[in-house]
Amino acid sequence: MDFSLSEEHRMIVETARRFVEEELYPYEAEVEESDTLRPELAAQIREKSIELGLYAANMPEELGGGGLDTVSMCLLDRELGRANMALNYTVARPSNILQACEGEQREKYLFPCIRGEKVDCLAMTEPGAGSDVRSMSCKAERDGDDFVINGVKHFISHADWADFVILFAATGEEETPRGPRKKITSFLVDKGWPGFTVRQGYKNVSHRGYHNFILEFDDCRVPSSQVLGVVDQGFDVANDWLGATRLQVAALSLGRCHRALEQSLDWAVERKQFGQQISKFQGVSFKLADMKMRLHAAELLVMEAAWKHEQGAMEDMDAAMAKLAATEALAFIADEAIQIHGGMGLMSDLPLERIWRDARVERIWEGTSEIQRHIISRSLLRPLGG
Amino acid sequence: MKVLVPVKRVVDYNVKIRVKPDQTGVETANVKMSMNPFDEIAVEQAVRLKEAGTATEIVAVSIGPTQSQETIRTALAMGADRGILVEADADVEPLAIAKMLKAIVEKEGPELVLLGKQAIDDDSNQTGQMLAALMGWPQATFASKVEMKDGSMDVTREVDGGLETINVKLPAALTVDLRLNEPRYASLPNIMKAKKKPIDTMSPADLGVEPAKRLEVLKVVEPEKRQGGAKVESVAELVDKLKNEAKVI
Ligand SMILES: Cc1cc2nc3c(=O)[nH]c(=O)nc-3n(C[C@H](O)[C@H](O)[C@H](O)COP(=O)(O)OP(=O)(O)OC[C@H]3O[C@@H](n4cnc5c(N)ncnc54)[C@H](O)[C@@H]3O)c2cc1C
Ligand SMILES: Cc1cc2nc3c(=O)[nH]c(=O)nc-3n(C[C@H](O)[C@H](O)[C@H](O)COP(=O)(O)OP(=O)(O)OC[C@H]3O[C@@H](n4cnc5c(N)ncnc54)[C@H](O)[C@@H]3O)c2cc1C
Numbered sequence: 001m002d003f004s005l006s007e008e009h010r011m012i013v014e015t016a017r018r019f020v021e022e023e024l025y026p027y028e029a030e031v032e033e034s035d036t037l038r039p040e041l042a043a044q045i046r047e048k049s050i051e052l053g054l055y056a057a058n059m060p061e062e063l064g065g066g067g068l069d070t071v072s073m074c075l076l077d078r079e080l081g082r083a084n085m086a087l088n089y090t091v092a093r094p095s096n097i098l099q100a101c102e103g104e105q106r107e108k109y110l111f112p113c114i115r116g117e118k119v120d121c122l123a124m125t126e127p128g129a130g131s132d133v134r135s136m137s138c139k140a141e142r143d144g145d146d147f148v149i150n151g152v153k154h155f156i157s158h159a160d161w162a163d164f165v166i167l168f169a170a171t172g173e174e175e176t177p178r179g180p181r182k183k184i185t186s187f188l189v190d191k192g193w194p195g196f197t198v199r200q201g202y203k204n205v206s207h208r209g210y211h212n213f214i215l216e217f218d219d220c221r222v223p224s225s226q227v228l229g230v231v232d233q234g235f236d237v238a239n240d241w242l243g244a245t246r247l248q249v250a251a252l253s254l255g256r257c258h259r260a261l262e263q264s265l266d267w268a269v270e271r272k273q274f275g276q277q278i279s280k281f282q283g284v285s286f287k288l289a290d291m292k293m294r295l296h297a298a299e300l301l302v303m304e305a306a307w308k309h310e311q312g313a314m315e316d317m318d319a320a321m322a323k324l325a326a327t328e329a330l331a332f333i334a335d336e337a338i339q340i341h342g343g344m345g346l347m348s349d350l351p352l353e354r355i356w357r358d359a360r361v362e363r364i365w366e367g368t369s370e371i372q373r374h375i376i377s378r379s380l381l382r383p384l385g386g
Numbered sequence: 001m002k003v004l005v006p007v008k009r010v011v012d013y014n015v016k017i018r019v020k021p022d023q024t025g026v027e028t029a030n031v032k033m034s035m036n037p038f039d040e041i042a043v044e045q046a047v048r049l050k051e052a053g054t055a056t057e058i059v060a061v062s063i064g065p066t067q068s069q070e071t072i073r074t075a076l077a078m079g080a081d082r083g084i085l086v087e088a089d090a091d092v093e094p095l096a097i098a099k100m101l102k103a104i105v106e107k108e109g110p111e112l113v114l115l116g117k118q119a120i121d122d123d124s125n126q127t128g129q130m131l132a133a134l135m136g137w138p139q140a141t142f143a144s145k146v147e148m149k150d151g152s153m154d155v156t157r158e159v160d161g162g163l164e165t166i167n168v169k170l171p172a173a174l175t176v177d178l179r180l181n182e183p184r185y186a187s188l189p190n191i192m193k194a195k196k197k198p199i200d201t202m203s204p205a206d207l208g209v210e211p212a213k214r215l216e217v218l219k220v221v222e223p224e225k226r227q228g229g230a231k232v233e234s235v236a237e238l239v240d241k242l243k244n245e246a247k248v249i
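Protein sequence lines, in the order shown, are assigned to chains B and V. For the first sequence, UniProt numbering gives the first residue as 1, with consecutive numbering after it. For the second sequence, UniProt numbering gives the first residue as 1, with consecutive numbering after it.
No lab work stands behind these hints, which were simulated from the structure alone. For each residue, glycine too, the CB sits at the ideal point set by N, CA and C. Check before you lean on any hint, since a few could be wrong.
Residues from chain B that face chain V, not an exhaustive set, calculated with beta carbons under 7 Å [said to hold, decoys possible]:
#	residue
1	E7
2	E8
3	H9
4	M11
5	I12
6	R18
7	I50
8	P60
9	G64
Here are some chain V residues the structure puts well away from chain B; computed CB gaps all over 12 Å [said to hold, decoys possible]:
#	residue
10	I17
11	G25
12	E70
13	D81
14	D121
15	L170
16	A186
17	L188
18	M192
19	K195
20	A205
21	D206
22	A236
23	L242
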């Protein structure tokens, strides 16, 4: 067993860290305070990250992407994850699912996303269908060579920056041994098409400057050439490509864990109360020990899952454990970091209060903690008939 | 023109240095190591020369433990073409380093050796000068600006009290100062390419050099902790303190 990082990994981390420190950190206060990302700033970050090859690093080299393997990608996401989400997402990781684009779709959607000319967003969730995403009621009905889409999606991230949406809609129902179940198809729908409206979403506690939106489809007509993958097999397409997205959430969370722990270590040795460094009190130092242990355990789970993904051997349970451990470690570490800082931890002068706020969404999106536990327990029990 | 750039693996400049309890040196176990920052500037300068069409090949050399290969790999990712690793102890003295570099220069035949003005670990500031002397080459040290001419270069040096510009004939040894340039960081595609660039490995014996110790370290201690300042109430008190406490007037 070899746990060491390669020279290449180490250099990717160095380049990414420097990029984050020089190109993203300086703008964090601005984005946090204004709750917006200026388009000029986004353009500047995009340009710089394209220059460094960090943009679309998840996409294969043959397609013009960075061609990073999964472990490298997790390391890159871990570094990017240190910074505010709106800033770090500007270094786009186009949805992997776009690799299912065929023919003209590649020229119109895939390649422009990799070149930094277009941005995608992805819409599954609905007001009535969250964890139980297959129960979605947004539907696409065939009409000649077209599909007519009706329904509402909500919580759709960065639909403001996006040029088009990767939309999942029901295209019928099928009988299965466990009862009827919806057939889902994935579509590429451009913003601005008649019958497709993007509305402001809810204001939320996490990730200032990175917003969610409500997408409304009202008799929106799209030609069948806009189907991504195969009709009725949208979830197969999704499962093929979306597995790594859970690892991405996990890796982004690790970055913030590291930042909060580093900040806490520095503070604990600097801050003096009762005539000594607070690090000398076990009440503080044992917190640091637990933070480190939780972080390291989560990091090992993420890296192992990433390594398995690279070998084509990652199971649902691996990604679930990685996502669960990393996001729960983040919640714990962010909270303890604030505790160690005392009152200062709550002030926006330090990045901790926002790391704490941002941590909250990580246990909800890309599958709630309960859903991850469900996946893990099902993998364990189903073979036993339990 | 071939350019040789020696790069040293040192404790990262961000690391808080700790002295070993036995006072024989500083702690390097489990400490982040990086390329000496002045050497990064030298690599950057070499890459710029190559981009300008002046340099044809850049060879990065590191003399030190096996892990110095990482330092070479960083240079390759910045744009050097190939590497030479001389596996040796971490604390080879400047004269022995200069002798090994001389052997490599004689083998490789570069017209320019670009070095950092000093390494941030031992601050010796000797290697470039010693190499130039051993080779019988001109040297230009503490460069803050370099302009290539036909067969020579104009080098602006940061000296006490100002800047001095000199012209040196090639081949020469050039040591670089902080303000010469801002080193780039390796882009992802270049990191990938670096993986495939060759690194030759050799020993000091292969170069005919015995890295004998000529210096003895007596002890290494932490700098004295800075005392906090104090406010004085009057000029009279200040003069009194300068006279009787600081004993400077
Ligand atoms: C800021 C933000 C951005 C988002 N961005 C996107 C996006 O870009 N695209 C997109 O499609 N979606 C997006 N989402 C949606 C996200 O994926 C969902 O919020 C998530 O899947 C949970 O669904 P829900 O919020 O409807 O909660 P629900 O599914 O209603 O869950 C409520 C509670 O019930 C629990 N629960 C549900 N089912 C089970 C079960 N079987 N066993 C045990 N417990 C269960 C859940 O764990 C949770 O605690 C975003 C969400 C947020 C908050
Ligand atoms: C929003 C806000 C409003 C406030 N309003 C007021 C106000 O109106 N008036 C006022 O006077 N103050 C006010 N305070 C100050 C508040 O009472 C202090 O923040 C609190 O006493 C903690 O002090 P500290 O923040 O300096 O943290 P520190 O005392 O520096 O504590 C840092 C960490 O060290 C730990 N620690 C310290 N000593 C020990 C020990 N001996 N053993 C183990 N662990 C230890 C702490 O538990 C904490 O985890 C306010 C604070 C906030 C955040």
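Requested in this report: Taking the numbered hints from earlier one at a time, note which ones the structure violates and give those numbers from smallest to largest.
Outcome: 3, 7, 8, 9, 12, 16, 17, 18, 19
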